[in-house]
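Peer 1: Next come the chains, spelled out residue by residue.
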Amino acid sequence: MFAYFANPERFMRISAWALPIAAALAVLLFAIGLPWAFLFAPPDFRQGESARIMFVHVPAAWWAMGIYTFMAIASFTGLVWRHALADVAARAAAPIGAAYAALCLITGSFWGQPTWGTWWEWDARLTSMLVLFLTYVGYLALWAAIEDETRAARLAAILCLAGFINIPIVHFSVDWWNSLHQTASIIRSGGSSMDKSMMQPLLMMAGAYLAAFAALLMAGMRAEVFRRRVSAAALRRARAS
Amino acid sequence: MSDATWFDSLAHLMADKNWGYIWPCYALAVATFALLGLRAVLLLRRWEARAKGVEKT
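Protein chains in written order, with the working numbering: chain A, 46 to 286; chain B, 19 to 75.
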């Protein structure tokens, strides 16, 4: 399977039609999910209207972790099997993951002020999510700092895999330590405690974030493949002259 | 979804004491995706055009 998807030509052929489909799906899901979440989902019985922030905050948190997991798998694949597109995929995913993590942190802060009475607290969940954002930034900085792309890919993959230890810490932080942040109410043993009137728009928004990620990832990977073709051609010309 | 029209829902939401915390989150989410999309389109157009230019020469 890896060999099948390792072929850049095949990826370019598949992504040429899959990218517009993913982009259209993201636009459709946002067009339904945003007004549903913003205007028509019921307010929470305890938190009132401020719980609407959940519909943009929670999918950002889920996918900030999900994208990092995707990057760790791609990095592992690149290191072990020298998969031709693995480091391209990890590199293209990083700015999207960083944006999702930043969105999660900022919207969480806006939710924290009316709920907890503070914009920020050095609590386990908030701090580990900040560490995740900083890991994304460090990963991107490492790629930018090293000119030799093979070396950059290897070092960035090692950093990504080392940083993966933070993902279970983010998820379980609310169980392992006393935290201002509520414990898991959706992905937990015993099933979700959320009513379906709130769960449905939340899942719609989560689907929109995922479709947007898929479209942005394919666009980023295609741009990176084109960039490498230009670099390879420039190198060939330089060697010939 | 409730039976309220979008205008009723918006008016009710804007009257809430936490309105000032809610709308910036949605505005930020929309702006984030708009910027990510714009960045992706610009990057893709730029490198696709340059790669096609290289293939021609």
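Since the hints were made in silico from the structure, they are not lab data.
Certain hints may be false.
Quick list of in silico lysine to aspartate or glutamate cross-link-like pairs, EDC-like style, CA-CA up to 16 Å [as the list claims (entries may be wrong)]:
1. A/Lys-241 with A/Glu-54
2. B/Lys-70 with A/Glu-54
3. B/Lys-70 with A/Asp-89
4. B/Lys-35 with A/Asp-89
Peer 1: Look at each hint and say if it fits the structure.
Peer 2: Outcome of the hint check:
| no. | hint | verdict |
| --- | --- | --- |
| 1 | A/Lys-241 with A/Glu-54 | violated (43 Å) |
| 2 | B/Lys-70 with A/Glu-54 | holds (15 Å) |
| 3 | B/Lys-70 with A/Asp-89 | violated (54 Å) |
| 4 | B/Lys-35 with A/Asp-89 | holds (14 Å) |
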